[in-house]
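Student: Model the full assembly from the supplied sequences, consistent with the hints where possible.
Taken in order, these protein sequences are the chains called A and B.
The opening residue of the first sequence carries number 1 in the working numbering; numbering runs sequentially from there.
The opening residue of the second sequence carries number 1 in the working numbering; numbering runs sequentially from there.
FYI, nobody ran anything at the bench for these hints, they're computed from the structure.
From the three backbone atoms N, C-alpha and C, an ideal C-beta is built for every residue, glycine too.
Worth double-checking, as some hints may not be accurate.
Stretches of chain B that chain A covers, calculated by requiring three or more beta carbons in the stretch to come under 8 Å of a beta carbon on chain A [what the hints assert, rightly or not]:
#	segment
1	1-14
2	17-24
3	27-37
4	46-53
5	90-99
6	102-113
Sample of chain A residues lacking proximity to chain B, with all beta carbon distances greater than 12 Å (derived) [claimed, not checked]:
#	residue
7	Asn16
8	Gln19
9	Arg28
10	Asp79
11	His90
12	Ala94
13	Tyr95
14	Ser99
As a plain string of letters, each chain reads:
Number of protein chains: 2
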Amino acid sequence: MDTMGRHVIAELWGCNTEQLNDRPGLERIFVSAALKAGAEVREVAFHAFAPQGVSGVVIISESHLTIHSFPEHGYASIDVYTCGTVIDPHVAVAYIAESLGVTSQEVLEIPRGRGLSEADVGRVGLGV
Amino acid sequence: MDTMGRHVIAELWGCNTEQLNDRPGLERIFVSAALKAGAEVREVAFHAFAPQGVSGVVIISESHLTIHSFPEHGYASIDVYTCGTVIDPHVAVAYIAESLGVTSQEVLEIPRGRGLSEADVGRVGLGV
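Tutor: Next comes the structure, spelled out in structure tokens:
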């Protein structure tokens, strides 16, 4: 299997606070995001913190999706990492962002598995 | 809880091939790495692929550690993301790299939860 992959880091602000505290709801959104991007879901692990916040991961055949939510700040810290060239991680990120009703986002794509260089690390999208 | 975090991306090359295929062994290394960094382990999910390769995640109170291994290339794609200022993600990355016997590595640190800027994205270490 080729080591090459695309890792998208998304900082989502102004998200719906209730959704950021809804562990089963976030799990559904993330599994759907993986499937919409054409990924194959392998493992799902989500954890709700007290008094608030959820962390979760969906392991896919093509790598992973993760979230750490901070309802008190309307902030969700998202990663979508996909190996290979078939899956577009931005499809999953866009679905998640839309589902959470974000008002602003920052998205950074980092190439994986072929040697990092600063020139490779480009900000690919800002704002909604 | 403060949104600020440190996300370390490590590309590990020349790893021990057998270890990269040893799901229980990788799980032990990653849980140990989290604990050595002073993190609190919440969820552990590892998956072995056929014919080779392992993907896994350790969700910690402070965010997550992940691995995707490519034994046929001696390559492990690692993320260690820690929220707050108490845990040093590099402690976990160093432990993982040493445990896997890497011959070369690239390490990139990305600040999370405070707005990304290209200037923030610096390569903090190259080579072993």
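Student: State for each hint whether it applies.
Tutor: Against the structure, the hints come out as follows:
1. 1-14: Per the Cβ count (6), the hint holds.
2. 17-24: With 0 residues close enough to chain A, the hint is violated.
3. 27-37: It is violated, with 0 qualifying residues against the three required.
4. 46-53: Answer holds; 4 residues pass the 8 Å Cβ test.
5. 90-99: violated (count 0)
6. 102-113: Holds, because 5 residues of the segment 102-113 of chain B bring their Cβ atoms closer than 8 Å to Cβ atoms of chain A.
7. Asn16: Correct as stated: the minimum Cβ-Cβ distance to chain B is 16 Å, above 12 Å.
8. Gln19: 17 Å, holds
9. Arg28: 17 Å, holds
10. Asp79: At about 7 Å from chain B, A/Asp79 fails to clear the 12 Å cut-off, so the statement is violated.
11. His90: 16 Å, holds
12. Ala94: The assertion about A/Ala94 holds, with a minimum of 17 Å to chain B.
13. Tyr95: It holds; A/Tyr95 is separated from chain B by about 21 Å at its closest Cβ, greater than 12 Å.
14. Ser99: 20 Å, holds
Of the hints listed earlier, those the structure fails to meet are numbers 2, 3, 5, 10, in rising order.
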